[in-house]
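Undergrad: In case you want the letters, here they are:
Number of protein chains: 2
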Amino acid sequence: MSTKQKPEDRALHLEQFLPYRLNVVGFFASRALGRVYGTRFGIGIPEWRVIAQLGEFGQLTSRDIGELSQMHKTKVSRAVAELDKRGLVTRAENRADRREAFVALSAAGQRLYAQIVPLALAFEERWIEGIAPEELRVFERVLAVLTERGRHLAGGYQTEEA
Amino acid sequence: MSTKQKPEDRALHLEQFLPYRLNVVGFFASRALGRVYGTRFGIGIPEWRVIAQLGEFGQLTSRDIGELSQMHKTKVSRAVAELDKRGLVTRAENRADRREAFVALSAAGQRLYAQIVPLALAFEERWIEGIAPEELRVFERVLAVLTERGRHLAGGYQTEEA
DNA sequence: TGACATTAGTTGCACATGTAACTAACTGGA
DNA sequence: TCCAGTTAGTTACATGTGCAACTAATGTCA
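First to last, the sequence lines map onto chains A and B.
For the first sequence, counting from 1, position 135 maps to 135 in the numbering used here; every step adds exactly one.
For the second sequence, counting from 1, position 157 maps to 1157 in the numbering used here; every step adds exactly one.
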């Protein structure tokens, strides 16, 4: 502990309470992006994350997708099933381990990915527009620390890495 | 085709994509806090937010609570109803406008609030422990900007332009 | 080989949540 | 006074989600 002040003596102001603030900004991010993907392409955040990972890495198992995109395996399962139903991904059984299947973007999925990426990048660009690059670097560095600690504090809900 | 590197031509890496990162850290925050409140006091995040606002401001209408804590009115309605059922808040009709009611913490609610606040502050303290104060100040300043823009982007994002 | 543990992925179930519709009350003309 | 419009708050409904249980396949160890 680096502070000697007793927590009991301080007041709580929710609007300055960091977990609350992070949750709110995360909600806004999700909601704003959800509108972009939902209104134009009819997909939700989980589907988008699956597409994003497949677009980046090519071929992945559902387990990999969940780990990379921080999603519960049931959420991944449902998102992949939905994308499969729409013909945006293909599933190929792994002959070497028939429990798992390799998921990949179909041609239509790749076209969708190519459409979404510029929108996503432009969205991000607009969001951070005008913020000084060095401040943004500090922000991202602190964010990485908070995320890693938060992962630990929250306790894994998918993979127990203790 | 184009030899110039336009923003549209950049690759997307989800793990560095800011909206994604903010959503993940917000999820961790919510989940970690939810464990604290849930296991010890049997309440969820919405209930906690209502209690926090009432503890801070004393007496509020449901509408005020929703605005202050960024919650949908149905979420507030259900949280207040649950807290009422448990005897943690009181509801008093506003004689001057009988559509609304003033919600306040009961004695039991105040005792609960007094118990939770130190836990919440200690949680926050543990989370940001070791981060340089000046970096934290930068982080919070940028966070405020992103939150305000996110609120706007999430609320009225319907333009045709990316 | 055989028995048990582990893992990838799916599904049943209960619960949380947003949308829209609703009730009741207030506001502001004309 | 009347009536259309607005607002606070609740509820019906559909959907999304996590947990736990499940199936099927693989790993482990004797």
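Among the hints, erroneous ones may be present.
Quick partial rundown of chain A residues pointing at chain B, CB under 8 Å, derived from the structure [unchecked claim]:
| hint | residue |
| --- | --- |
| 1 | TRP127 |
| 2 | ILE131 |
| 3 | PRO133 |
| 4 | ARG149 |
| 5 | GLY150 |
| 6 | ALA154 |
In case anyone wonders, no lab produced these hints; they're calculated from the structure.
Remember, it's a predicted structure, so these values are computed and weren't measured experimentally.
Don't be surprised by glycine CBs; every beta carbon is placed ideally from N, CA and C.
Undergrad: Hey, does the A:ALA154 contact hint survive, CB to chain B under 8 Å?
TA: Because about 4 Å separates A:ALA154 from the closest Cβ in chain B, which is inside the 8 Å limit, the hint holds.
Undergrad: Given A:TRP127 was flagged as interface, is its beta-carbon under 8 Å from a beta-carbon of chain B?
TA: Holds: closest Cβ of chain B sits about 6 Å from A:TRP127, inside 8 Å.
Undergrad: Can we keep the A:ARG149 interface hint, with Cβ of chain B closer than 8 Å?
TA: Holds, about 6 Å.
Undergrad: Grab the minimum C-beta distance from A:PRO133 to chain B and call the hint holds if it beats 8 Å, violated otherwise.
TA: violated, 11 Å
Undergrad: Identify whether the interface hint at A:GLY150 stands, where standing means a beta carbon of chain B within less than 8 Å of its own.
TA: holds, 3 Å
Undergrad: Under 8 Å is the threshold here; is the Cβ of A:ILE131 close enough to any Cβ of chain B for the hint to stand?
TA: holds, 6 Å
The structure fails to meet hint 3 from the earlier list, while all remaining hints are met.
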